[in-house]
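Participant: The listed protein sequences derive, respectively, from chains H and B.
Convert by adding 27 to the 1-based position in the first sequence; the result is the number in the numbering used here.
Convert by adding 27 to the 1-based position in the second sequence; the result is the number in the numbering used here.
Hints are computed from structural coordinates only; laboratory data are not their basis.
Just so you know, not all the hints are guaranteed correct.
[As the list claims (entries may be wrong)] To give an idea of the chain H side of the interface with chain B (calculated C-beta under 10 Å), a few residues:
#1 Val108
#2 Ile112
#3 Ile144
#4 Ala153
#5 Asp168
[Stated by the list, open to error] With a Cα cut of at most 27 Å, we get these calculated DSS-like pairs of lysine-lysine:
#6 B:Lys131 x B:Lys117
#7 H:Lys118 x B:Lys56
#8 B:Lys117 x B:Lys56
#9 H:Lys180 x B:Lys56
#10 B:Lys117 x H:Lys118
#11 B:Lys117 x H:Lys180
#12 B:Lys56 x H:Lys115
#13 B:Lys131 x H:Lys180
Just so we're clear, the structure is a prediction, and the values are computed from it rather than from any experiment.
Virtual Cβ for every residue (Gly too), placed ideally from N, Cα, C.
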Amino acid sequence: MKILQRLVPHPILTVLLTVVWLLLVNHFSLNSLVFGLFLGVVIPFITQPYWPDRPNLRNPWMILQYIVIVLYDIVVANIVVARLILFKRNKNLSPAWVCIPLELRTPEAITVLAATITLTPGTVSADLSDQGHSLLVHCLDAPDPGAVRDEIKDRYERRLMEIFE
Amino acid sequence: MAQIYEILITAFLVISGVFGFVGSYGLIKLDNPMSRLHAPTKATTLGVGGVLIASILYTLMSEGRLSMHELLITLFLLLTAPITANFIAKMHIHRHETPESLPKVGEDQSWATLAPEKHKPEAE
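The following block holds chain B by itself, in its conformation from the complex (with noise of 0.2 Å):
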């Protein structure tokens, strides 16, 4: 039993450090900074969950309880990921991209990042 824990555990956390790997030779070998951060979205989620759910067997085998601190790294780190992409993504198309290398908005007038700064409100 002990045997295939361990197999288990050991499959799990070589599939997470192979899509970390992935993730960051991503970072190196894609070309433009907007392809780049995709890399870094797949080191998060697989890479991470991988180790998440050895270490929940881990303790399981060992210690013979489930531990479950694992499941609210995940949920938190769900919860922030796209969060700092989407900083990233903001931040280069401040400086790197125009309205014109964009796609059309549709129904709006601009995208948010690039819209015309509205007058402020005078304060009160």
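Just chain H, with the same shape it has in the complex (with noise of 0.2 Å):
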């Protein structure tokens, strides 16, 4: 048990190699597989020392939840903007900037939720403060700077913190 930890200290890494690698293949075979999961247990073993503190992802089932949110709240954000770029007048459209206080630490936390606000259209992350505690989000159109804040810390942060910390 001890040599497999040791070997496989990140699972999830070694997963997502193999899946990745047999994707690239484009075709099921035991070959592939087996070439895959040899990948998926040595890169992240040489890959060690220049990533030290990789962040133990605790809650698998959060993350496919996760995933799955995230890709609805795309298909819906741009509709929402597609509206608001063809019907609404430049002038009538209310850009702000916002600032969201972090409560996730983990860099690697921070930056899945970044990335997540940049593609969930109407938001853009644009700056992280110099300490990492908050991040600077431009929104296209926001009447109430406050709700898209709140919106962002209960819908994303909050699985997030689930899932990293």
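Make one complex out of these two single chains by using the hints.
Facilitator: Next comes the structure, spelled out in structure tokens:
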């Protein structure tokens, strides 16, 4: 068991690399599965020194839920923003900067949060404060910046807290 | 059966075309650089996503196998799109924003892009 833990310190990374390899091959066979697993074990092992404090992902079920929520939000927000662009005059749009105080401390988690904010159209994450305690977000149309902040904190950050910390 | 596939493929292609168009139109129509940045993020998500789903369906129909390269393209796009957006936003902050024009930082000193340059450590 100990040996297994040292060989595969990050099971999710191993699985991810194997799946990406299989997707690259684009054809399932035992050969590619074995080679994928080989890569999935060797790559985390030799990159260990360059990435010392890898976060432990606790909650695989929560990760899946998070991905589904983000995909759904991307579709919904796309439609919302398309309507803003097509049907609303520029002078009626109220673009705003919003400052989001972060409770997340893991760098990887903050990266995921920032990427999520950019991917859901209507919001773009622009900058981080110098100590990494708040995130600067630009909204395309936010009459009420407080509501945007609360939604991001409640919808994404709370879930990322459960996954990463 | 083939007809259903064809209708689905067409639908996805049209959807992605519409979103690609709206994204490009927004780039012209919106009136300040940060708002303009919002438009291309649409084109990369739903616009490209629609084409990729159509492509998966097409290989499923014509060759009878599930092609998964498209999922990888989506994955890599989703990984890289926020980084380019962030670079453009940072450049905008450097050139057009001052600490006064941005909202308060909260508990820290300043936004990282505008932070006063620290003394660089001497080379050893």
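Participant: Indicate, hint by hint, whether the structure satisfies it.
Facilitator: Evaluated hints:
no. : hint                : result
1   : Val108              : holds, 6 Å
2   : Ile112              : holds, 4 Å
3   : Ile144              : holds, 8 Å
4   : Ala153              : holds, 4 Å
5   : Asp168              : holds, 9 Å
6   : B:Lys131 x B:Lys117 : holds, 17 Å
7   : H:Lys118 x B:Lys56  : holds, 11 Å
8   : B:Lys117 x B:Lys56  : holds, 22 Å
9   : H:Lys180 x B:Lys56  : violated, 31 Å
10  : B:Lys117 x H:Lys118 : holds, 25 Å
11  : B:Lys117 x H:Lys180 : holds, 23 Å
12  : B:Lys56 x H:Lys115  : holds, 11 Å
13  : B:Lys131 x H:Lys180 : holds, 18 Å
Violation of the numbered hints given earlier is confined to hint 9; every other hint is satisfied by the structure.
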